[in-house]
Amino acid sequence: MLLFAFTASCIFLVLMIFLCLYRAYVGPTVADRVISINVISTKAVAIMTLVSIIYHKEYFLDIALVYALISFLATIGVAKYLQKGVLE
Amino acid sequence: MEIISFIVLIFGIFFFMVGVVGLLRFPDVYTRLHATTKCDTLGIGLILFSIMLYQGFTGPSVKIGIIIIFIWLSNPTAAHAIAKAAYSVDIPMIKGTVFADQSKEESSSW
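Keeping their order, the protein sequence lines are chains P and R.
Numbering of the first sequence is given in my numbering, commencing with residue 72 and proceeding in unit increments.
Numbering of the second sequence is given in my numbering, commencing with residue 81 and proceeding in unit increments.
Honestly, the hints are just simulated from the structure, not real lab data.
Incorrect hints may appear among the rest.
As the list claims (entries may be wrong) - Result set (DSSO-like, lysine-lysine): computed pairs, CA atoms no more than 27 Å apart in a straight line:
id, chain 1, residue 1, chain 2, residue 2
1, P, 151, R, 164
2, R, 143, P, 155
3, P, 128, R, 175
4, P, 151, R, 118
5, R, 164, R, 118
6, R, 175, R, 164
7, R, 118, R, 175
8, R, 175, R, 143
Whole structure, please, built from the sequences with the hints as guidance.
Have a look at this one:
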């Protein structure tokens, strides 16, 4: 019963990712797009964890942890490039 | 235990939905950042805590706890970096913003 709720929340999170993609496409400045990609990556971590529970695959949790780390590094990198103009 | 897990899951989905509405509706970079960062941090914490309650104390549950701790550390840090970068390259704020920093107010035009 609760697995059905997990599946339904997965589908709902995917629909909200499409709403975030609208902001990433329209967004008037660069920072709007960075914020939108950050939100999408957070939702993707939640979806990966839900999928690992639904299908009983434990290694999806490792993938979710690495994805969270990479998205954090990407956000920090884009913010530093936006502020200083160089990446070094 | 399943009832508590379901209620926590619904609260997490609700906070994600509030964050997306704030991302779509707010007029400014800084207000969008204010809406999405707090709602997403709390929402993913609640959803992963609901999965931890569903599983009980096992090996994957400890891994999910590590993911929660890492996201609660990294998400506000990333938001702070974006806000500092957007403020330093003068991305404009919404009309009617009151500054506490007087030197920034004199040099700007709105």
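Hint check results:
no. : hint          : result
1   : P:151 - R:164 : 9 Å, holds
2   : R:143 - P:155 : 36 Å, violated
3   : P:128 - R:175 : 50 Å, violated
4   : P:151 - R:118 : 22 Å, holds
5   : R:164 - R:118 : 17 Å, holds
6   : R:175 - R:164 : 20 Å, holds
7   : R:118 - R:175 : 24 Å, holds
8   : R:175 - R:143 : 45 Å, violated
Figure legend: structure checked against the earlier numbered hints; hints not met, in rising order: 2, 3, 8.
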